[in-house]
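J.: So in the UniProt record's numbering, spot 39 of the sequence shown is number 39, and the numbers just go up one at a time.
In case anyone wonders, no lab produced these hints; they're calculated from the structure. None of the values given here were measured: they were computed from a predicted structure. Backbone N, C-alpha and C fix where the C-beta goes; we use that ideal spot for every residue, glycine too. Some clues are possibly wrong.
[What the hints assert, rightly or not] DEER-style ranges, computed between Cβ atoms:
id, residue 1, residue 2, range
1, P72, V52, 17 to 27 Å
2, S58, A12, 28 to 38 Å
3, V43, P72, 28 to 38 Å
4, S35, G60, 30 to 40 Å
5, G60, D8, 16 to 26 Å
6, G73, G25, 27 to 37 Å
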Amino acid sequence: MEASTIQDLLVAALPATEIDVQGEGGKYLVTATGSIFEGLNAVKRQQTIYKVLNEHISSGAIHAVTMRLSAPGEA
């Protein structure tokens, strides 16, 4: 699966969120900043991403995802 395809999936599911996806060979880094993450702890933020990608993780198209998730204004 291409990083651009993953980015398209996330952008469609999480509007008003800045998203960048890098990687290849089933291993990806997702960097996202959006108000959707405000008030959520790290686990809940990750669950937001996994909800979108779970089908592709289960199929083996995505092997590993590293995430850097933040709300606007966070360092």
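J.: Each hint: holds or not?
T.: Comparing the hints with the structure gives:
1. P72 - V52: 17 to 27 Å: holds, 20 Å
2. S58 - A12: 28 to 38 Å: violated, 19 Å
3. V43 - P72: 28 to 38 Å: At 20 Å between Cβs, range violated.
4. S35 - G60: 30 to 40 Å: holds, 32 Å
5. G60 - D8: 16 to 26 Å: Holds - the Cβ-Cβ distance for G60 and D8, about 19 Å, lies within 16 to 26 Å.
6. G73 - G25: 27 to 37 Å: 34 Å Cβ-Cβ, so the 27 to 37 Å window holds.
In terms of the numbered hints stated before, the structure departs from hints 2 and 3, listed from lowest to highest.
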